[in-house]
Amino acid sequence: NAGVTQTPKFQVLKTGQSMTLQCAQDMNHEYMSWYRQDPGMGLRLIHYSVGAGITDQGEVPNGYNVSRSTTEDFPLRLLSAAPSQTSVYFCASSPQGTDEQYFGPGTRLTVT
Amino acid sequence: KDQVFQPSTVASSEGAVVEIFCNHSVSNAYNFFWYLHFPGCAPRLLVKGSKPSQQGRYNMTYERFSSSLLILQVREADAAVYYCAVECGSARQLTFGSGTQLTVLP
Chain A
129 NAGVTQTPKF
139 QVLKTGQSMT
149 LQCAQDMNHE
159 YMSWYRQDPG
169 MGLRLIHYSV
179 GAGITDQGEV
189 PNGYNVSRST
199 TEDFPLRLLS
209 AAPSQTSVYF
219 CASSPQGTDE
229 QYFGPGTRLT
239 VT
Chain B
17 KDQVFQPSTV
27 ASSEGAVVEI
37 FCNHSVSNAY
47 NFFWYLHFPG
57 CAPRLLVKGS
67 KPSQQGRYNM
77 TYERFSSSLL
87 ILQVREADAA
97 VYYCAVECGS
107 ARQLTFGSGT
117 QLTVLP
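Residue numbers (my numbering), protein chains in the order written: chain A, 129 to 240; chain B, 17 to 122.
Don't read these hints as lab results, they were simulated from the structure. Every residue gets a Cβ at the ideal spot worked out from N, C-alpha and C, and that includes glycine. Fair warning: there could be bad hints in the mix.
[What the hints assert, rightly or not] Part of the chain B face toward chain A, derived, beta carbon under 7 Å: (1) V33; (2) Q109; (3) S114; (4) G115.
Could you put together the complete structure from these sequences and hints?
Below you can see the structure in the form of structure tokens.
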């Protein structure tokens, strides 16, 4: 199994541009989530999904959209990038929310 | 607002036992999770639970609103960021602390 994969690994955007961060897992996990990591702030939950077709907001959802059309994929969309969205983004999955979450390697995003 | 608190830095000498403390203000919390994170890599679960538990050199203590991670015989290679997280909410999502940077002195 490849586990949780994220693409791209690095990305630079200009303010106002849009993009999608990709996340995929091949472990048939129901639960997937997106976090952002900022210095001194730890990992903050952006959005999560408890199964295909179901998504919900986490602690910091503003400026981000998600969808979950399949069990495997959970893309994160930035509709109009802002410098405040400069961060490292981690995707994670688990069989259920209560189980160990398996993290991807992260995407480092810089918005200028 | 539900919050999880942990020190920003901890330093230890090589070979010692190092303790990283975590407490929270989450009213409907379930388990504690302790993750290890090396920069550029995926965070990795070390130990979890709602009771004291051990995984290799990693021990976890448990109280309702606090937990400590104890790393036995700490090594320079253990220098990393350690995250405490609390499971909460109807969907049992994780709320993370801000992370503790462990420095190991030779």
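Hints, verified against the model:
Here the hint on B/V33 is broken, as its CB sits about 24 Å from the closest CB of chain A, past 7 Å. Proximity of B/Q109 to chain A holds as hinted, the smallest CB-CB distance being about 6 Å (cut-off 7 Å). Taking 7 Å as the C-beta cut-off, the interface hint given for B/S114 holds, the closest approach to chain A being about 4 Å. Annotation: B/G115 was flagged as interfacial toward chain A, and the flag holds, the nearest CB pair being 5 Å apart, inside 7 Å.
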